[in-house]
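Asks: Sequence:
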Amino acid sequence: MTTHTAQAQELGKHGADYTYAEGSPTYWRNMHSTRPNDFVFQRDPSVWVYTKEVAQRTGMPLEWASDELKGVAAAAFRMEPDSKGPNCGWGGNPKACKWDQQCVLELYFDRQAHVLPWDMRRQVADFYWQDVPTAFHFLPAQGYAPAPNGDKSRNTEGSPNYPSLGRSPFTDPKTGEELGFAGKGHEGKSRVIAYDREMHSRYAFVRLDGGCAISKRSFPNGDTVQLRRIKGLNVATDSPVFHELHLPSSWTERVGQVTQSLQQQDHDFYKGIWNNINPQGDKK
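Anchor point for the sequence shown: position 246 equals 316 in my numbering, and the numbering is continuous, going up by one each time.
Everything labelled a hint here was simulated from the structure, so no lab data went into it. Take the hints with a grain of salt, since some may be wrong.
For lysine-lysine, the following DSSO-like pairs were computed, each having C-alpha atoms within a straight-line distance of at most 30 Å [to be verified]: (1) 165 to 154; (2) 222 to 254; (3) 341 to 168; (4) 140 to 222; (5) 168 to 154; (6) 222 to 122; (7) 140 to 341; (8) 341 to 165; (9) 140 to 154; (10) 244 to 154; (11) 341 to 222; (12) 244 to 165; (13) 140 to 122; (14) 254 to 122; (15) 244 to 122.
Model, not experiment: these values are computed from the prediction.
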(Lines of atoms letter the chains of each structure in order from A; the text may use other names.)
(Lines give C-alpha, C1' and ligand atoms only; values in the text may rest on other atoms or scores of the structure.)
Protein backbone atom coordinates (compact mmCIF):
# COMPACT_ATOMS: atom_id res chain seq x y z
CA MET A 71 0.00 0.00 0.00
CA THR A 72 1.95 2.97 -1.27
CA THR A 73 0.76 6.44 -2.25
CA HIS A 74 2.48 8.70 -4.76
CA THR A 75 1.58 12.12 -6.08
CA ALA A 76 -0.15 12.51 -9.42
CA GLN A 77 1.76 14.82 -11.71
CA ALA A 78 -0.80 16.67 -13.79
CA GLN A 79 -0.90 18.91 -16.76
CA GLU A 80 -4.32 19.20 -18.40
CA LEU A 81 -5.85 15.75 -18.20
CA GLY A 82 -6.97 14.19 -21.45
CA LYS A 83 -4.84 16.43 -23.64
CA HIS A 84 -2.19 15.23 -26.04
CA GLY A 85 0.70 17.24 -27.40
CA ALA A 86 -1.15 17.53 -30.70
CA ASP A 87 -4.12 19.15 -28.91
CA TYR A 88 -2.14 22.29 -28.11
CA THR A 89 -1.18 25.16 -30.38
CA TYR A 90 2.37 26.35 -30.90
CA ALA A 91 4.00 29.49 -32.23
CA GLU A 92 4.77 29.24 -35.92
CA GLY A 93 8.37 28.22 -36.52
CA SER A 94 9.03 27.32 -32.86
CA PRO A 95 11.19 24.28 -31.97
CA THR A 96 9.55 20.85 -31.88
CA TYR A 97 12.17 19.06 -29.74
CA TRP A 98 10.07 18.34 -26.64
CA ARG A 99 6.43 18.54 -27.78
CA ASN A 100 5.73 14.91 -26.88
CA MET A 101 6.44 15.83 -23.24
CA HIS A 102 3.11 17.72 -23.14
CA SER A 103 1.06 14.56 -23.69
CA THR A 104 -1.28 13.26 -21.00
CA ARG A 105 -3.37 10.70 -22.87
CA PRO A 106 -2.24 7.24 -24.02
CA ASN A 107 -0.76 6.82 -27.46
CA ASP A 108 1.26 4.28 -29.39
CA PHE A 109 4.68 5.50 -28.25
CA VAL A 110 6.62 5.95 -25.03
CA PHE A 111 7.32 9.55 -24.09
CA GLN A 112 8.86 11.52 -21.23
CA ARG A 113 6.09 13.51 -19.63
CA ASP A 114 6.58 17.12 -18.58
CA PRO A 115 5.77 17.06 -14.84
CA SER A 116 5.48 20.83 -14.33
CA VAL A 117 2.69 23.41 -14.38
CA TRP A 118 4.00 26.23 -16.57
CA VAL A 119 3.39 29.89 -17.22
CA TYR A 120 5.62 32.01 -19.45
CA THR A 121 5.73 34.88 -21.89
CA LYS A 122 4.78 34.48 -25.54
CA GLU A 123 8.43 35.05 -26.42
CA VAL A 124 9.41 32.03 -24.31
CA ALA A 125 6.75 29.97 -26.09
CA GLN A 126 8.30 30.98 -29.41
CA ARG A 127 11.87 30.21 -28.31
CA THR A 128 11.19 26.90 -26.55
CA GLY A 129 8.29 25.47 -28.55
CA MET A 130 5.95 25.10 -25.57
CA PRO A 131 2.15 25.48 -25.90
CA LEU A 132 0.72 28.96 -26.40
CA GLU A 133 -2.14 27.95 -24.06
CA TRP A 134 0.19 28.41 -21.08
CA ALA A 135 1.52 31.82 -22.13
CA SER A 136 0.21 34.85 -20.24
CA ASP A 137 0.49 38.61 -20.69
CA GLU A 138 -0.18 38.93 -16.94
CA LEU A 139 3.14 37.32 -16.02
CA LYS A 140 5.48 40.04 -14.72
CA GLY A 141 9.09 40.17 -13.57
CA VAL A 142 10.03 36.70 -14.80
CA ALA A 143 10.17 35.02 -18.22
CA ALA A 144 8.83 31.62 -17.12
CA ALA A 145 7.77 29.77 -13.98
CA ALA A 146 7.23 26.04 -13.45
CA PHE A 147 5.67 24.37 -10.39
CA ARG A 148 5.75 20.68 -9.61
CA MET A 149 5.53 18.21 -6.74
CA GLU A 150 7.93 15.31 -6.49
CA PRO A 151 8.54 12.52 -3.94
CA ASP A 152 11.16 13.25 -1.32
CA SER A 153 14.43 11.61 -2.34
CA LYS A 154 14.90 10.05 1.11
CA GLY A 155 12.23 7.44 0.32
CA PRO A 156 8.76 6.60 1.69
CA ASN A 157 7.66 6.43 5.32
CA CYS A 158 6.25 2.99 6.07
CA GLY A 159 4.50 1.30 8.98
CA TRP A 160 1.39 3.45 9.16
CA GLY A 161 -1.26 1.85 11.35
CA GLY A 162 1.20 -0.89 12.28
CA ASN A 163 1.29 -2.22 8.72
CA PRO A 164 4.86 -2.38 7.34
CA LYS A 165 3.47 -2.32 3.80
CA ALA A 166 1.51 0.90 4.38
CA CYS A 167 3.91 3.45 2.89
CA LYS A 168 3.56 7.12 2.08
CA TRP A 169 5.97 9.44 0.30
CA ASP A 170 6.50 12.95 1.60
CA GLN A 171 6.18 15.44 -1.25
CA GLN A 172 8.45 18.37 -2.05
CA CYS A 173 7.03 21.36 -3.90
CA VAL A 174 9.45 23.27 -6.09
CA LEU A 175 9.14 26.46 -8.11
CA GLU A 176 11.62 26.98 -10.92
CA LEU A 177 12.05 30.47 -12.34
CA TYR A 178 13.68 31.58 -15.59
CA PHE A 179 14.66 35.23 -15.73
CA ASP A 180 15.46 37.18 -18.89
CA ARG A 181 19.05 38.28 -18.33
CA GLN A 182 18.46 41.48 -20.28
CA ALA A 183 15.07 42.50 -18.88
CA HIS A 184 15.39 41.16 -15.32
CA VAL A 185 18.66 42.39 -13.82
CA LEU A 186 18.89 40.59 -10.48
CA PRO A 187 21.15 41.52 -7.52
CA TRP A 188 23.41 38.46 -7.75
CA ASP A 189 26.18 38.01 -5.22
CA MET A 190 29.12 38.11 -7.61
CA ARG A 191 31.38 36.58 -4.95
CA ARG A 192 29.52 33.30 -5.42
CA GLN A 193 30.23 30.80 -8.18
CA VAL A 194 28.31 31.20 -11.44
CA ALA A 195 26.19 28.09 -10.95
CA ASP A 196 25.35 25.45 -8.38
CA PHE A 197 23.41 22.62 -10.00
CA TYR A 198 23.47 19.98 -12.70
CA TRP A 199 20.91 20.99 -15.31
CA GLN A 200 20.35 17.29 -16.09
CA ASP A 201 18.69 17.03 -12.65
CA VAL A 202 16.12 19.72 -13.51
CA PRO A 203 13.29 18.54 -15.80
CA THR A 204 12.31 22.05 -16.88
CA ALA A 205 15.80 22.82 -18.16
CA PHE A 206 15.35 20.57 -21.18
CA HIS A 207 12.99 23.12 -22.71
CA PHE A 208 15.59 25.86 -22.39
CA LEU A 209 18.59 23.82 -23.50
CA PRO A 210 17.70 22.43 -26.94
CA ALA A 211 21.37 22.45 -27.90
CA GLN A 212 22.37 20.86 -24.55
CA GLY A 213 25.47 23.00 -24.35
CA TYR A 214 27.18 21.72 -27.47
CA ALA A 215 25.88 23.84 -30.35
CA PRO A 216 23.62 26.88 -30.86
CA ALA A 217 19.96 26.20 -31.47
CA PRO A 218 18.50 27.27 -34.86
CA ASN A 219 17.30 30.55 -33.32
CA GLY A 220 20.80 31.34 -32.05
CA ASP A 221 20.21 30.43 -28.40
CA LYS A 222 23.21 28.99 -26.62
CA SER A 223 23.39 26.97 -23.41
CA ARG A 224 26.22 26.03 -21.09
CA ASN A 225 27.00 22.50 -19.95
CA THR A 226 26.93 23.41 -16.26
CA GLU A 227 29.07 21.70 -13.67
CA GLY A 228 27.53 21.17 -10.27
CA SER A 229 28.92 22.06 -6.88
CA PRO A 230 29.68 19.62 -4.06
CA ASN A 231 27.28 21.74 -1.98
CA TYR A 232 24.25 21.00 -4.20
CA PRO A 233 21.41 20.94 -3.14
CA SER A 234 22.36 22.54 0.22
CA LEU A 235 23.55 25.97 -0.79
CA GLY A 236 23.61 27.63 2.60
CA ARG A 237 23.52 31.35 1.86
CA SER A 238 21.32 32.87 -0.83
CA PRO A 239 23.08 33.83 -4.10
CA PHE A 240 21.48 37.31 -3.88
CA THR A 241 22.71 40.29 -1.86
CA ASP A 242 21.97 43.97 -1.40
CA PRO A 243 24.52 45.56 -3.77
CA LYS A 244 25.10 48.46 -1.33
CA THR A 245 25.31 46.66 2.02
CA GLY A 246 26.11 43.07 1.07
CA GLU A 247 23.17 41.84 3.17
CA GLU A 248 21.62 38.52 2.12
CA LEU A 249 18.36 38.61 0.14
CA GLY A 250 15.59 36.03 -0.05
CA PHE A 251 12.32 35.37 -1.86
CA ALA A 252 8.98 35.63 -0.03
CA GLY A 253 5.36 36.36 -0.84
CA LYS A 254 4.33 40.02 -0.88
CA GLY A 255 3.64 41.12 2.70
CA HIS A 256 4.80 37.78 4.15
CA GLU A 257 7.88 36.88 6.19
CA GLY A 258 8.09 33.22 5.19
CA LYS A 259 11.18 32.52 3.09
CA SER A 260 11.44 30.31 0.00
CA ARG A 261 14.89 28.75 0.06
CA VAL A 262 17.03 28.90 -3.09
CA ILE A 263 18.20 25.34 -3.69
CA ALA A 264 19.71 25.71 -7.17
CA TYR A 265 20.69 28.54 -9.49
CA ASP A 266 22.68 29.43 -12.58
CA ARG A 267 23.03 33.08 -13.44
CA GLU A 268 24.41 32.30 -16.92
CA MET A 269 22.66 29.04 -17.76
CA HIS A 270 21.63 30.25 -21.19
CA SER A 271 22.56 33.07 -23.53
CA ARG A 272 19.19 34.64 -22.72
CA TYR A 273 18.04 33.21 -19.36
CA ALA A 274 19.14 32.79 -15.75
CA PHE A 275 17.73 30.03 -13.57
CA VAL A 276 16.58 29.89 -9.91
CA ARG A 277 14.98 26.94 -8.12
CA LEU A 278 13.00 27.54 -4.92
CA ASP A 279 11.95 25.02 -2.28
CA GLY A 280 8.42 25.36 -0.94
CA GLY A 281 5.09 26.62 -2.20
CA CYS A 282 2.70 23.70 -1.60
CA ALA A 283 0.11 26.23 -0.46
CA ILE A 284 -0.12 27.84 -3.91
CA SER A 285 -3.69 27.57 -5.21
CA LYS A 286 -6.46 29.65 -6.76
CA ARG A 287 -8.21 29.57 -3.38
CA SER A 288 -5.14 30.93 -1.54
CA PHE A 289 -4.20 33.36 -4.31
CA PRO A 290 -7.39 34.27 -6.25
CA ASN A 291 -5.62 37.21 -7.89
CA GLY A 292 -2.36 35.41 -8.54
CA ASP A 293 0.81 35.23 -6.46
CA THR A 294 3.29 38.10 -6.06
CA VAL A 295 6.80 37.18 -4.89
CA GLN A 296 9.44 39.68 -3.79
CA LEU A 297 13.19 39.58 -3.25
CA ARG A 298 13.94 41.31 0.07
CA ARG A 299 16.52 41.32 2.89
CA ILE A 300 16.68 38.30 5.16
CA LYS A 301 16.12 38.95 8.86
CA GLY A 302 16.86 35.94 11.03
CA LEU A 303 15.10 32.95 9.50
CA ASN A 304 12.58 35.08 7.62
CA VAL A 305 12.45 37.92 5.11
CA ALA A 306 11.83 41.39 6.47
CA THR A 307 8.47 42.78 5.32
CA ASP A 308 9.65 46.38 5.81
CA SER A 309 12.74 45.87 3.66
CA PRO A 310 13.16 47.51 0.23
CA VAL A 311 12.04 45.33 -2.67
CA PHE A 312 14.96 44.43 -4.93
CA HIS A 313 12.88 42.47 -7.44
CA GLU A 314 9.21 41.55 -7.77
CA LEU A 315 7.48 38.96 -9.92
CA HIS A 316 3.79 38.23 -10.40
CA LEU A 317 2.36 34.82 -11.26
CA PRO A 318 -1.17 35.15 -12.74
CA SER A 319 -4.36 33.58 -11.40
CA SER A 320 -4.67 31.38 -14.50
CA TRP A 321 -1.49 29.65 -13.29
CA THR A 322 -2.38 29.47 -9.59
CA GLU A 323 -5.69 27.87 -10.59
CA ARG A 324 -3.89 25.07 -12.46
CA VAL A 325 -1.39 24.66 -9.61
CA GLY A 326 -4.34 24.41 -7.22
CA GLN A 327 -5.69 21.43 -9.14
CA VAL A 328 -2.42 19.61 -8.49
CA THR A 329 -2.15 20.53 -4.81
CA GLN A 330 -5.80 19.65 -4.19
CA SER A 331 -5.22 16.28 -5.85
CA LEU A 332 -2.41 15.61 -3.36
CA GLN A 333 -4.61 16.70 -0.46
CA GLN A 334 -7.29 14.25 -1.58
CA GLN A 335 -4.73 11.45 -1.86
CA ASP A 336 -3.52 12.21 1.68
CA HIS A 337 -7.11 12.24 2.95
CA ASP A 338 -7.89 8.89 1.34
CA PHE A 339 -4.65 7.36 2.65
CA TYR A 340 -5.23 8.41 6.27
CA LYS A 341 -8.88 7.43 6.02
CA GLY A 342 -7.86 3.93 4.92
CA ILE A 343 -5.35 3.66 7.78
CA TRP A 344 -7.95 4.76 10.34
CA ASN A 345 -10.57 2.35 9.07
CA ASN A 346 -8.08 -0.54 9.09
CA ILE A 347 -7.06 -0.02 12.72
CA ASN A 348 -10.66 0.66 13.85
CA PRO A 349 -12.65 -2.02 12.02
CA GLN A 350 -15.46 -1.91 14.58
CA GLY A 351 -15.24 1.81 15.30
CA ASP A 352 -16.46 4.95 13.62
CA LYS A 353 -15.56 5.04 9.93
CA LYS A 354 -13.88 8.15 8.58
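Asks: What hints, given by number in increasing order, does this structure fail?
Replies: 2, 7, 9, 10, 11, 12 and 15
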